[in-house]
Amino acid sequence: EAAVTQSPRNKVAVTGGKVTLSCNQTNNHNNMYWYRQDTGHGLRLIHYSYGAGSTEKGDIPDGYKASRPSQENFSLILELATPSQTSVYFCASGDVNNQAPLFGEGTRLSVL
Amino acid sequence: QQQVRQSPQSLTVWEGETAILNCSYEDSTFNYFPWYQQFPGEGPALLISIRSVSDKKEDGRFTIFFNKREKKLSLHITDSQPGDSATYFCAASGEKITFGAGTKLTIKP
Numbered sequence: 001e002a003a004v005t006q007s008p009r010n011k012v013a014v015t016g017g018k019v020t021l022s023c024n025q026t027n028n029h030n031n032m033y034w035y036r037q038d039t040g041h042g043l044r045l046i047h048y049s050y051g052a053g054s055t056e057k058g059d060i061p062d063g064y065k066a067s068r069p070s071q072e073n074f075s076l077i078l079e080l081a082t083p084s085q086t087s088v089y090f091c092a093s094g095d096v097n098n099q100a101p102l103f104g105e106g107t108r109l110s111v112l
Numbered sequence: 001q002q003q004v005r006q007s008p009q010s011l012t013v014w015e016g017e018t019a020i021l022n023c024s025y026e027d028s029t030f031n032y033f034p035w036y037q038q039f040p041g042e043g044p045a046l047l048i049s050i051r052s053v054s055d056k057k058e059d060g061r062f063t064i065f066f067n068k069r070e071k072k073l074s075l076h077i078t079d080s081q082p083g084d085s086a087t088y089f090c091a092a093s094g095e096k097i098t099f100g101a102g103t104k105l106t107i108k109p
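So the protein sequences, as listed, match chains A and B.
Residue numbering for the first sequence follows the numbering used here, beginning at 1 and increasing consecutively.
Residue numbering for the second sequence follows the numbering used here, beginning at 1 and increasing consecutively.
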């Protein structure tokens, strides 16, 4: 069964600390995405990837880095976490036609 | 610049009524429009989708109406059930996919 798995599901971090959110997909999809979800803003694209070794900036990339070491794994990295990055983060994977990506369950991040 | 707009932000209807959720977009290159349903604590899940070559797509109680000329579409949920209470996202896809801000739907029994 197609799946996108995120870890951790919940994370509390301190301001200035480094945070890594991980995502694994078993769908053999080329494309993977990181979104954040905030009330009133819907889903906003942070970074995405077309395949292993590639990362692209989305609409709100500032303060975030991404890494795609393999087809299955895509990480989001906050080098210096700030309270404004408190949010729910979703990873998704999709085929090359960018049609209807499949989402993970989300990671709730609180930066104190 | 918000390329995909949804209205209303929130909607309450009685059980058995038809809920109508609206969506509009700006980029004429968008050619695929999925709608996602999201329950609290879960990720968005694909509900129904339509391609720009069609003007209607039906799946059970869920129907998308699409007006390419006006760049508008709507999701109709007939015979609404309390279990339909969720947030619904309209999305538009061309080179990449863009999401609206969502409509929170509440169905009162």
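In case anyone wonders, no lab produced these hints; they're calculated from the structure.
It should be emphasised that the depicted structure is a prediction, and the values quoted were computed from it without experimental measurement.
Treat the hints with care, since some could be wrong.
In silico DSS-like links for lysine-lysine, alpha-carbon gap of 27 Å or less [said to hold, decoys possible]:
hint, chain 1, residue 1, chain 2, residue 2
1, B, Lys56, B, Lys72
2, B, Lys96, A, Lys65
3, A, Lys57, A, Lys18
4, B, Lys96, B, Lys56
5, B, Lys68, B, Lys108
6, A, Lys11, B, Lys104
7, A, Lys57, B, Lys96
8, B, Lys57, B, Lys72
9, B, Lys108, B, Lys96
Some chain A residues close to chain B (C-beta under 10 Å, calculated; not the full set) [unchecked claim]:
hint, residue
10, Tyr35
11, Leu43
12, Arg44
13, Gly51
14, Ser54
15, Glu56
16, Ile60
17, Asp62
18, Tyr64
19, Glu72
20, Phe90
21, Gln99
22, Phe103
Far from chain B, by Cβ distances over 12 Å, these chain A residues were calculated [what the hints assert, rightly or not]:
hint, residue
23, Lys11
24, Val14
25, Thr15
26, Asn28
27, His41
28, Gly42
29, Leu45
30, Ala52
31, Gly53
32, Gly58
33, Gly63
34, Leu80
35, Arg108
36, Ser110
Using N, Cα and C, we set each Cβ at its ideal position, and we do this for glycine too.
- Hints violated by the structure (numbers, ascending): Failing hints, ascending: 5, 9, 13, 14, 16, 17, 18, 19, 27, 28, 29, 32, 35.
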